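Produce the complete structure using the sequences and hints provided.
As a plain string of letters, each chain reads:
There are 2 protein chains.
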Amino acid sequence: MATTLHYLGPKGSFTHQAALEASRLIDDAGECVAEPNVTAIFDAVGRREGWGVIAWENNVEGYVVPNLDALIDADDVVGFARIGIDISFDALVKPNHTKLTTICAHPHGLAQCTGFIADRDLAVRPTASNAAACRDITDDQVALAPSVCADIYGLDVLARSVQDFSGGRTEFLVLAPRDDARRQLGAIRAQGAVQANGERDFESIVAFILLNTGPGVLANLLDVLRYAGLNMTSFISRPIKGNDGTYSFIATFDAAPWQPQFKAALSQVLAHGDWVKTLAVYPRRERPSPPVSAWMLPQGGVHLDDTTTSWNDDPETDRELLWK
Amino acid sequence: MATTLHYLGPKGSFTHQAALEASRLIDDAGECVAEPNVTAIFDAVGRREGWGVIAWENNVEGYVVPNLDALIDADDVVGFARIGIDISFDALVKPNHTKLTTICAHPHGLAQCTGFIADRDLAVRPTASNAAACRDITDDQVALAPSVCADIYGLDVLARSVQDFSGGRTEFLVLAPRDDARRQLGAIRAQGAVQANGERDFESIVAFILLNTGPGVLANLLDVLRYAGLNMTSFISRPIKGNDGTYSFIATFDAAPWQPQFKAALSQVLAHGDWVKTLAVYPRRERPSPPVSAWMLPQGGVHLDDTTTSWNDDPETDRELLWK
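Listed in order, the protein sequences are those of chains A and B. If you read the first sequence in full-length UniProt numbering, its first letter stands for residue 1, the second for the next number, and so on. If you read the second sequence in full-length UniProt numbering, its first letter stands for residue 1, the second for the next number, and so on.
For the record, the hints were derived by calculation from the structure and aren't laboratory data. A couple of the hints might just be wrong.
Identical chains share a label here; the pair holds if one copy fits it or two copies do between them.
Unchecked claim - Here are the simulated lysine to any residue pairs, SDA-like style, with alpha carbons at most 25 Å apart: (1) K324 / G186; (2) K11 / A44; (3) K94 / S129; (4) K241 / Q299; (5) K263 / D223; (6) K324 / G273; (7) K11 / E61.
All figures in this text were calculated on a predicted structure; none of them were measured in a lab.
Laid out in structure tokens, this is it:
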């Protein structure tokens, strides 16, 4: 039987679009069901009523931290797939609309489409969500919403991709109880002899809490990961929920925890007395990995170049580092 | 002459509240001026038309990543003060209001006060901002907004702190051109012989970009900081703007870059060929720093305890780490 996918509603949200994509890509994934909040999604997965889809990271806004905190704290829930969705707004209207006077969307949607709104000289009306703008649309209104809303709410597309900034992208995780996730990952491992060693490439997100505190504990942790030859693509620290001043570390690796070197590194961290939890394992995504060249650097700052003689008495270095 | 503080408007936003607090705490800080977006704030500071106030980190949502990216990329702008504001909503009404039927706020404000709204049985009306709800309030409406809005918009307080969750807090940075910031920090250093060594304690936020890539480069960076005995309280990686797959690292330290050990560590990083920029230096905040105890740990996960014999064949470890 196909597995229900629980996502953050209302219908027609970007998370809904991610859930539909997950339903298309993942064997055994079925109907998508809107939930009122993220807690309800974790609860549904915890009660084994299906899988969940949550927003994880956006290339402009960074991590969706409340969802990250919830996954760290969830019992028996793990990510097993990662889905990317381009953040793009379509301008939608009723099929027999009259003269258009007003444009409606969540304030975030309105803020992301200022050029389109100014060009059309429309009055602006904020709504509780982009989907609510579609649901409650009147004959003289334009709604800004994800493209999936045209079908859902029976609307016509006035214009596609009307956002000011193209290139916005949000990544979502598909969550399951741990035994379900293991079965899904096992099936992928069984299919895919893409690598020389017979393993398909995976990525993992792992949370660490260092129970032995003091200077250098983080560097010690990273030493273990370095000696294992693991490629880390993202790393953040987060206060432990409800305990200001205590931290967890969340890292994304180009490896699966069952690969011998990774497994040995995790064993070493455990033997050191620290807390470890795998938050997600999913097939590796294609990612660019260009070298960093000087022309890519932000404005200001300091780095070694042909003209550097000594930083110590250099006014520019002093200005950028405030080190005097 | 007092220095103008540029903040993200409209008047009565939480950033406005932070700007008023900064104006009260910092010598030479004067009038607060609302700007339409964060770019306008950086531009005003860059043109030396005053200082800026930007949201930096929230204890629930994490870093305000677009502001972090903007500060990394800004030329000659640095933070020199950090201001914390409790995220609290007051229910505001017109002085001679009629029967109250409707409650207005930005969708985020509405979502954070669901208990109050349900208790009073009010119809919900989203607005573009909490301040807009106050500005456009009618006789039968309640506006949810920061407490500073009562004065600004001439409204009465129906109820204080009506948010569902108490304990939300956002930290703001006060930004200045680098020479201005140095003067301000110099004045604080001159006043404060609070420490045995005559230095007042400071914190710093520093951005690093590793120009030599390859496995272990991050661990190498952290080694240098560890050997300098620096206490790091926050650490994240961020893609370099416009260059997917390239990363900067942003770390917060309990030290000032002019302190000899920190300065030596930064010199070593520079000598290694990497890029460094100080994003902020400000007086140290009081922070709890409790040891991490087992009862503070999230649900699930694995750590060493009295019952651990071997992780290798332990089904629970296997379940939490997905390492088989």
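query = Between copies, within a copy, both or neither: which fits K263 and D223 at Cα up to 25 Å?
reply = So K263 and D223 pass the 25 Å test inside a copy (15 Å) and across (23 Å) alike.
query = For K11 vs E61, is the C-alpha pair at or below 25 Å within one copy, between two copies, both, or neither?
reply = both (23 Å within a copy, 24 Å between copies)
message = When Cα atoms must be at most 25 Å apart, do K324 and G186 count as within-copy, between-copy, both, or neither?
response = Classified as between: cross-chain Cα gap 10 Å, same-chain 57 Å, threshold 25 Å.
Up to 25 Å CA-CA - A44 versus K11, copy category = within (17 Å within a copy, 41 Å between copies)
key: Same-copy or cross-copy closeness of K241 to Q299 [CA-CA at most 25 Å]   = between (35 Å within a copy, 12 Å between copies)
task = Could you place K94 and S129 in one of the four classes (within, between, both, neither) given a Cα distance threshold of 25 Å?
result = within (18 Å within a copy, 27 Å between copies)
key: Within, between, both or neither: K324, G273 at alpha-carbon 25 Å   = between (40 Å within a copy, 21 Å between copies)
The earlier numbered hints are all upheld by this structure, with none contradicted.
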